[in-house]
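Please take these sequences and the hints and turn them into a complete structure.
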Amino acid sequence: MQVPLMALTSGTMETKIIESTLTHKEKELTLHKGQKAMHHKEEHEQLVYYEAIAAEIKQYEEVLLFGPTDAKVELLNCLKADHNFLIK
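Under numbering that gives the first Met the number 0, the first residue of the sequence shown carries the number 0, and numbering increases by one thereafter.
If you're looking for bench data, these hints aren't it; they were derived computationally from the structure.
Where a beta carbon is used, it is the ideal one built from N, C-alpha and C, also for glycine.
Treat the hints with caution; some may be incorrect.
[Unchecked claim] Restraint ranges, calculated between C-beta atoms of paired labels, are given here: (1) His-39 x Glu-18: 15 to 23 Å; (2) Lys-79 x Thr-20: 22 to 30 Å; (3) Ala-36 x Ala-6: 33 to 41 Å; (4) Val-47 x His-82: 17 to 25 Å; (5) Gly-33 x Glu-60: 41 to 49 Å; (6) Gln-34 x Gly-10: 45 to 53 Å.
Right under this line is the structure:
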């Protein structure tokens with residue numbers, strides 16, 4: 000999974016990609032340990048991923064989350080738990 004971060008600064012659009020560290024191969028290896036282990040690993044990696052995104056967007060005054068999946072809602076919930084973000 001990857002998230003493009005796009006920043007409009009000085010009339011130009013800058014893009015940075017943040018990629019998840021959970022690869023398909025890693026999922027397969029964890030799945031051999033059992034479904035419960037796989038689920039726990041995915042939850043942990045997803046939290047680490049959202050924290051990486053949060054660290055990147057802290058520098059901006061306003062952020063717009065959008066996209067076709069529920070990941071934006073999950074990220075928003077993670078941001079709400081972080082006292083560094085004011086959610087409107």
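* **Hint check against the structure, violated hint numbers in rising order** => none
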